[in-house]
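Visitor: Fit chain R with the ligand to the supplied structure of chain S, relying on the hints for placement.
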Amino acid sequence: MPSKYAIHTLAVPHRFKSVSRSGIIAWEEGCLKCAVCVKKRCVYGVYDNRDLDPMQMIDSIDNQCMNCLRCIQGCPKELIHKSLNPEYKALGDSYWAPDIIAKLWYQAETGKIPVSGAGYPGPFSGPGFDSMWTDMSEIVRPTRDGIHGREYISTAIDLGRTTRHISFDEEKGLESGSARILDIPLPIILRTPTFGAISKDTINGWTRAAKGLGTLMALPQKMISSTPEGSAPWVIPMISPEESGAPAITEETRVAEVPWNEEVSGLVGEMEDRYPSLLMSVRLPMDHRAEERALVLAEDGVSIIHMEAAWNGVSMGGDGGFLKDGIRSVHLRLVEAGIRDEITLLSSGGIAMAEHVPKAIICGADGVFVDFPILIALECRMCRRCTKGLSCPVEIQGASPSWVASRVRNLVGAWHNQLLEVMGAMGIRDARRLRGEVGRAIFFEELDRATFGSMGQVEEGCELE
Amino acid sequence: MYREQQITLGLFYCQNVPESREENRQALEEEFGKSLRLFPIPCSGRLEPVHLLKALERFADAAFIITCPVGACRYFEGNHRAKKRVERTRKILSDIGMEPERVGIAIGSKEAPKTLAQQAREIFREISLLGPSPVFGQE
Ligand code: SF4
Numbered sequence: 105m106p107s108k109y110a111i112h113t114l115a116v117p118h119r120f121k122s123v124s125r126s127g128i129i130a131w132e133e134g135c136l137k138c139a140v141c142v143k144k145r146c147v148y149g150v151y152d153n154r155d156l157d158p159m160q161m162i163d164s165i166d167n168q169c170m171n172c173l174r175c176i177q178g179c180p181k182e183l184i185h186k187s188l189n190p191e192y193k194a195l196g197d198s199y200w201a202p203d204i205i206a207k208l209w210y211q212a213e214t215g216k217i218p219v220s221g222a223g224y225p226g227p228f229s230g231p232g233f234d235s236m237w238t239d240m241s242e243i244v245r246p247t248r249d250g251i252h253g254r255e256y257i258s259t260a261i262d263l264g265r266t267t268r269h270i271s272f273d274e275e276k277g278l279e280s281g282s283a284r285i286l287d288i289p290l291p292i293i294l295r296t297p298t299f300g301a302i303s304k305d306t307i308n309g310w311t312r313a314a315k316g317l318g319t320l321m322a323l324p325q326k327m328i329s330s331t332p333e334g335s336a337p338w339v340i341p342m343i344s345p346e347e348s349g350a351p352a353i354t355e356e357t358r359v360a361e362v363p364w365n366e367e368v369s370g371l372v373g374e375m376e377d378r379y380p381s382l383l384m385s386v387r388l389p390m391d392h393r394a395e396e397r398a399l400v401l402a403e404d405g406v407s408i409i410h411m412e413a414a415w416n417g418v419s420m421g422g423d424g425g426f427l428k429d430g431i432r433s434v435h436l437r438l439v440e441a442g443i444r445d446e447i448t449l450l451s452s453g454g455i456a457m458a459e460h461v462p463k464a465i466i467c468g469a470d471g472v473f474v475d476f477p478i479l480i481a482l483e484c485r486m487c488r489r490c491t492k493g494l495s496c497p498v499e500i501q502g503a504s505p506s507w508v509a510s511r512v513r514n515l516v517g518a519w520h521n522q523l524l525e526v527m528g529a530m531g532i533r534d535a536r537r538l539r540g541e542v543g544r545a546i547f548f549e550e551l552d553r554a555t556f557g558s559m560g561q562v563e564e565g566c567e568l569e
Numbered sequence: 010m011y012r013e014q015q016i017t018l019g020l021f022y023c024q025n026v027p028e029s030r031e032e033n034r035q036a037l038e039e040e041f042g043k044s045l046r047l048f049p050i051p052c053s054g055r056l057e058p059v060h061l062l063k064a065l066e067r068f069a070d071a072a073f074i075i076t077c078p079v080g081a082c083r084y085f086e087g088n089h090r091a092k093k094r095v096e097r098t099r100k101i102l103s104d105i106g107m108e109p110e111r112v113g114i115a116i117g118s119k120e121a122p123k124t125l126a127q128q129a130r131e132i133f134r135e136i137s138l139l140g141p142s143p144v145f146g147q148e
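Going line by line, the protein sequences match chains S and R.
If you read the first sequence in the working numbering, its first letter stands for residue 105, the second for the next number, and so on.
If you read the second sequence in the working numbering, its first letter stands for residue 10, the second for the next number, and so on.
Next up, chain R with everything else stripped away, as it sits in the complex:
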């Protein structure tokens, strides 16, 4: 698979993340172009390892989830569960010999809430060190 961009991020986020409405999403996509694919989900607990792994398999160099702050989940334990699932996915990645840092979670903070755009930029900074994923590297 040939891709032009250096790094592509698949970013899932819970609908409670501040400034994560459709207009914010489009503004971010305008800024990052094809290197960012955004997936709003009703609750971060909806995320399963298969989502992250499929993203890594098909298009992403890294796949992250942004959740609402601990204790703020509408479904009580969604973000808590998302964290466990990310850990499980990381384990799978290291078992198959990939960097576990390619998946990650950003848990919102009640005291210092960050917008979707701020978090996306931080995650980009974090993953820029990783380089392109070996999944797409062989061609």
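One chain only, chain S, in its complex shape:
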């Protein structure tokens, strides 16, 4: 058995003060000047070394406060209040919600799994991935001595295509060339987000992180010149037909990507013939034609299909479908046609939390691309100011490559641990076996239909009293 894959993380502080969820409002007026003020009794000492960041006007008490609310309850004149911070509420959008962003910041800073404390105050179901519940029934067994314990839980996946059967040549030797496989130690591939105040240093840092993690980084052709030397095996050039200039593929490139078009299979075949160890991936927009197109690609012998949903995980076709359903339908179509095992299915768009990785795999993907989280790991607030030519509030473009690489490493490390936890709790010890395992999840829509589907319908001609 190979040595265990582990991601070693180390806390990497923010460069800017982060936007805190709530802020303290303390009145001075009416203060009784008690001999020992509640502020002095703060167990975390947040009032003692108070400091104001003048450029962002962020008060250190808000970042250090642990929300124990002792001061608020203790002040005899009730002069201390706590309120939600309007800047926090304004973070991101409806999909990249403030709580998701704050948790990603935490993971990139500490490399640790975020723990929200006792009790869960949120809703039990919601749109998108939130309507899937994973099975945790085996939580007691494989994790007996921790996720890094004796039992080996493998998160590795294979990229590429396999053959339906083995064939031999005239000399009774194995016919070569039919199977082309690359294995990566975790089902997560990095990819540049569609916006962001990024610079050469950012791209350099991301590529370093991908190399360090043993995974890949997908980059548009024009960004490849910013990658550090010797990183070609870890880069997936996203080739665009319109773009001219130096070809992005070298002898060392292991995976490259082209966008879907009617004649793409021919191009893919040509490239794979020219480079004997290259795997080609076809980026297919997720919409109502994806099933058909994926089937054709699989039959044409394409190695990897990358199903791309929009930034918030919804269909590119404007029909409102969500990534999880898109993956499921393509996966099932390939299963029905009996060729699912011959092809790799990757997906992207809206992967925002660690749990989305196993959920996408359960729906039928082999692995996922992660895009915006690697930007949010660099403190991005998803304010989209960069798309309007305004300055980035956290000056991402100025971050050093090593800082970028360590932040992303921490984030992926935390996600990897959560993947191990989830797989352990499901009693699954190989990420390859998790693919399409819908028996390990409950889909809210299905449960809802089965339980309440027949209720509440008024038959024609019937009067309700």
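Some hints could be false.
To be verified - Stretches of chain R that chain S covers, calculated by requiring three or more beta carbons in the stretch to come under 8 Å of a beta carbon on chain S: (1) 27–36; (2) 49–55; (3) 58–72; (4) 84–96.
The set of hints was computed from the structure by calculation and includes no laboratory data.
Note that beta-carbon positions come from the ideal geometry of N, C-alpha and C, so glycine has one too.
Guide: Just chain R with the ligand now, kept in the frame of chain S:
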């Protein structure tokens, strides 16, 4: 400290000011560029003289606060207190020989509510007479 702009305004505003959402804020920043720095705060009562003074010390020629109308504060007395704090800051400024008009307060009106953008423009008009702050002038 070298700065390109003529006048920079540090503008704090309470979250109850009409049209003060993130999109409005970004539109304003696009319009004014670097001469406007906006700071939303949960309640104007959160403002302390140190906020205004720090802004004047670091980047602003003027620092203002926009509050919700009297009687509309979620925390009952926030805007009332903000007013007192602005007065206190003005006193400090005149004590050290700076124009007290460099800090100010705009209290919203219930009858004729004004949006963040309208108020920001009015404040800009008001401070344009002051000229650059002496804090940054010596270089
Ligand atoms: S913080 Fe805002 S400006 Fe900076 S990269 Fe993120 S979205 Fe763009």
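Visitor: All hints are to be evaluated individually against the structure, with a verdict given for each.
Guide: Structure-based check of each hint:
no. : hint  : result
1   : 27–36 : holds (count 4)
2   : 49–55 : holds (count 6)
3   : 58–72 : holds (count 7)
4   : 84–96 : holds (count 5)
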